[in-house]
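Colleague: The chain contents come next:
Number of protein chains: 2
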Amino acid sequence: MPVNIPTLLPEHLLPIPGIKLGIAEAGIKKRNRKDLLVIALDGGTHVAGVFTQNRFCAAPVVVSKENLAKSSIRGLVINTGNANAGTGSNGIQHAHATCTALAGLLDCAPQQILPFSTGVIMEPLPIDAVINGLPLAVADLDENNWYDAAQAIMTTDIVPKGISRQIKLQDKTITVTGIAKGSGMIRPNMATMLGFIATDASIDQSLLQKMIHDVADQSFNRITVDGDTSTNDALILMATGRAGHREICNSESPEFFQLQETVIEVAAELAQMIVRDGEGATKFITVQVESGRNVTECKQVAYAIAHSPLIKTAFFASDPNLGRILAAIGYAGLKDLDVNQIQLYLGHVLVAENGGRASGYREEQGQQVMNESEITVRVILNRGSASTCVWTCDLSYDYVKINADYRS
Amino acid sequence: MPVNIPTLLPEHLLPIPGIKLGIAEAGIKKRNRKDLLVIALDGGTHVAGVFTQNRFCAAPVVVSKENLAKSSIRGLVINTGNANAGTGSNGIQHAHATCTALAGLLDCAPQQILPFSTGVIMEPLPIDAVINGLPLAVADLDENNWYDAAQAIMTTDIVPKGISRQIKLQDKTITVTGIAKGSGMIRPNMATMLGFIATDASIDQSLLQKMIHDVADQSFNRITVDGDTSTNDALILMATGRAGHREICNSESPEFFQLQETVIEVAAELAQMIVRDGEGATKFITVQVESGRNVTECKQVAYAIAHSPLIKTAFFASDPNLGRILAAIGYAGLKDLDVNQIQLYLGHVLVAENGGRASGYREEQGQQVMNESEITVRVILNRGSASTCVWTCDLSYDYVKINADYRS
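These protein sequences, in sequence, are chains A and B.
Here the first sequence is numbered in my numbering, starting from 1 and rising by one per residue.
Here the second sequence is numbered in my numbering, starting from 409 and rising by one per residue.
Pulled out of the complex, with its shape left as it was, chain A reads as follows (with noise of 0.2 angstroms):
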């Protein structure tokens, strides 16, 4: 069951002003299944997107990119079940039918439609599903929707995810609202699964595009279930400037960043609430490392202790067998790494130092951090300034049940 996470309610969820959400049950791979949503924005919304850096990206990525770089953007349309990905030129032209489809559907251009998909991997997309689905979900359209659009991305997930804030920007109150779905196959490089934020806060779009990539910096580029980079990932950030402030045009601006404060925060949560949420897990782990010297260096140990196998199963197994952890340290790459310099913090118990355990280091006191839900393992590098952090969960059997059951 996932780790600590609030029950969502569709009381939780506010609407943004200027966007619209319908959701169908297509039948794209099971009956009775909410597997299609379409996000409809008004005319000015401005849209930005981070995806995946993922080779074999799927179609809908390729198409989304391009059509991102060269319209202003009127709908967004999300299947489940099928991530047509390794599909070759098909796959292409399947996402190009379904923007023509839901373009006619909402009176604009093929271009001006986003679409994204995720599910099993090289097989083809059932097109005719996707295009009967459309209208249903179309005529399904309603501000109120966001949280039936949480449940409609879902996969793997156990629960939907989606979170909302309110902030004051120029005595007008803002609303930021976001959703994303992600279990399995998760460690985000530029971007989750699937996540998509909105606002309608007004702000330049070029600005909207820069503030993206900070933001998944600092929320979906930190997390990690399996290590597992999609081809499928995906964060969409969409403004709709109906808020009725002065447009933000500058970047260096108190506005900008008390906005860009609350999409981090509000992306951020959607991030950890996906590891919560990842296959398997019973635990939520946060990965500190500090005074490296650069983040890059930072971020190596942080992914070798998050992604080993071993340290993952002794977190499942409430297991001190922190030696292991030293070990991924060890192999983390770093060149000239003074393995005496490091201190390593089991939450706030000192656990290692001076090359070895630390000399106060008691069993039970690592045992009673490991019983914990949330735990947070703390590596001080003593070499520079830089610090990075990552979330990541354990690795349980039902991981391997979940990932050796999926497709039956």
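These are calculated hints, taken from the structure and not from any lab test.
None of the values given here were measured: they were computed from a predicted structure.
Keep in mind that a hint or two might mislead.
[Unchecked claim] So, partial list: chain B residues that the calculated Cβ filter (under 8 angstroms) puts toward chain A:
| hint | residue |
| --- | --- |
| 1 | THR563 |
| 2 | SER638 |
| 3 | LEU718 |
| 4 | LEU742 |
[Stated by the list, open to error] Pair by pair, the computed Cβ-Cβ distance ranges are:
| hint | chain 1 | residue 1 | chain 2 | residue 2 | range |
| --- | --- | --- | --- | --- | --- |
| 5 | B | ASN540 | A | GLN53 | 55 to 63 angstroms |
| 6 | B | LYS473 | A | PHE257 | 51 to 59 angstroms |
| 7 | B | GLN574 | A | ASP398 | 47 to 55 angstroms |
| 8 | A | GLN53 | B | HIS756 | 48 to 56 angstroms |
| 9 | A | GLU363 | B | SER497 | 15 to 23 angstroms |
| 10 | B | LYS473 | A | GLU363 | 29 to 37 angstroms |
| 11 | B | ARG701 | A | GLY43 | 41 to 49 angstroms |
| 12 | B | ASP806 | A | ASP107 | 51 to 59 angstroms |
| 13 | B | LYS473 | A | LYS70 | 53 to 61 angstroms |
| 14 | A | LYS70 | B | GLY768 | 35 to 43 angstroms |
C-beta atoms are modelled at their ideal positions from N, C-alpha and C, and glycine is treated no differently.
Add chain B to chain A, keeping to what the hints say.
Modeller: Using the frame of chain A, we list chain B on its own:
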């Protein structure tokens, strides 16, 4: 259970004139368990070694590297139950104390001893148990103890691992016998957990050192179970020179190549046995990457596949969910990779080309290969002439079970 390892019998391991082995039950971690091995070498034996690149390398690795660099070696001592890694300066003192004690018994200098440890990291070595066990092991020294030695170095290994080969060099029969241990924390980087290979061939010391690097590259450096590089990896090659042929002094001579080929054969068999006995393994998987620009990028692709938990669980489930392999190729980090050029084979079945599923591919074909216990994944990059191969296993419930329970 191990995947297709023939049962090792004592008579399979041939003695090497000039080398004696002695075993003891020293009670290092558990009672009534062979946990201490001494290997005594005749004077004049040449010894070469390669060791883990882990910066948190174990105390015995530090001492063995030092001693190997400065002395002719007369004895090796290996304990299980404790890795003497992450143990700081105390650990170094314990490794030295072990050498001194054994040197007294074998009548040589402490620098002529190489110590090795394997087991739990970051716990103090029970030095008294080791030192008290040494006279028992020395009293047991015998040329015919290779099988017991293979048993004495096991930790989570289910079966002992050893092999012998014989060839003719200049009309003399040359024997090569090797033993190894390892099952988890396996992604050797210069060597395996522990491997000891001996021959009665006569070969120059510097050529032996050259040979061992090539041997490691074509055997232990090609395997991975879980991607965790151990703190204690070591591969040792010993040549007693007792076979009676002229010493091999030229690395271009046919004798050098003949001997090297045989040692590689022994080392590759041992390395594959480690994967076949990989923690929880039910399948043996060969990942072959061909026609890359260079070996480095071929390795990147091979290890991305071999380390992906999603791919490994699909193999465990015999599920031809092959899109996961495309995703791993895509995130392996190759620049300007044109995915449309790639061909992916599962066994002899062409699965993907032109960026997607091959037109002739049928799920039944993939299923048939997936049902086998020995599977080859072949990736043809079509952008150069380099190639490599890596051996790995699947990821099962039992991997989680073994590593969640390891210390209990």
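Colleague: Now look at each hint and say whether the structure bears it out.
Modeller: Here is how each hint holds up against the structure:
no., hint, verdict
1, THR563, "violated (13 angstroms)"
2, SER638, "holds (7 angstroms)"
3, LEU718, "holds (5 angstroms)"
4, LEU742, "holds (7 angstroms)"
5, ASN540(B) with GLN53(A): 55 to 63 angstroms, "holds (57 angstroms)"
6, LYS473(B) with PHE257(A): 51 to 59 angstroms, "holds (53 angstroms)"
7, GLN574(B) with ASP398(A): 47 to 55 angstroms, "holds (50 angstroms)"
8, GLN53(A) with HIS756(B): 48 to 56 angstroms, "violated (32 angstroms)"
9, GLU363(A) with SER497(B): 15 to 23 angstroms, "holds (21 angstroms)"
10, LYS473(B) with GLU363(A): 29 to 37 angstroms, "holds (31 angstroms)"
11, ARG701(B) with GLY43(A): 41 to 49 angstroms, "holds (48 angstroms)"
12, ASP806(B) with ASP107(A): 51 to 59 angstroms, "holds (57 angstroms)"
13, LYS473(B) with LYS70(A): 53 to 61 angstroms, "holds (59 angstroms)"
14, LYS70(A) with GLY768(B): 35 to 43 angstroms, "holds (37 angstroms)"
The structure does not agree with the numbered hints 1 and 8 stated previously, though it agrees with the rest.
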